[in-house]
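S.K.: One letter stands for each residue in the lines below.
Number of protein chains: 2
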Amino acid sequence: MEIINVIGLLAAFLTTASSLPQVIKTIRLKETRDISFWMWAFLSLGIFFWLIYGILRNDIPIILANGISLFLVLIVLGLKIKYK
Amino acid sequence: MEIINVIGLLAAFLTTASSLPQVIKTIRLKETRDISFWMWAFLSLGIFFWLIYGILRNDIPIILANGISLFLVLIVLGLKIKYK
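Chains as they are written, first to last, in my numbering: chain A, 1222 to 1305; chain B, 1222 to 1305.
One copy or two, either will do: identical chains are not told apart, so a pair holds if it fits within one copy or between any two.
Cut-off 35 Å, straight-line C-alpha distance, at most; resulting in silico cross-link-like pairs (DSBU-like, lysine-lysine):
(1) K1251 - K1303
(2) K1305 - K1251
(3) K1251 - K1301
Because the hints were derived from the structure by calculation, they are not lab data.
Assemble the whole structure, with the sequences as input and the hints as a guide.
M.R.: And the structure:
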C-alpha cells in the first residue's frame, strides 16, 4: 500500500474514533457543563451531510467513516441534552 | 453548482467550524473537566494526518478545511492542558 493511502486511513481512523473517549467519559461522569452544545449540534449536522455526500458519490470509505462518527457524535449530543 | 458539491461544501464548512463554539465556551468558562483529553488528542493527530494527506495529494479544499480545523482543535487541546 502506498504511504499516502496509509496516511489517509490513519487520518480517517483517528478522526472517526476520536469521539469514543468523550462518549465513555460522559457516560461515566454524567456531567456535560463544560461541553459546547453548538459544537456537537454543528458536528452532527456536518457529519450527516458527509454521509449523504458519500452515499451520493457511492464512496464506501466516506460512508463507513461518517456512519460510525455520526453514531458516536449523536450519543454525545444526546447526553449533552439529557444532562443539561 | 451541482447539488452534490453544495452538500460537500456544507459538510466541510460545518465540521470545520464546529470546534469554534467549544473554543469560545472554554475561553469564557475556563473549565474543561467534562471534556475528554484523549478526544482532542486523537482529533488533533487525525486532522494533522488529513492535512499531510491533502498536501501530498495537492488537494486545496482538504488543506484549507483541515488547516483551519487543526488551528481550532489545538486551541481546545491547549486549554484542556492548561485548565486540567
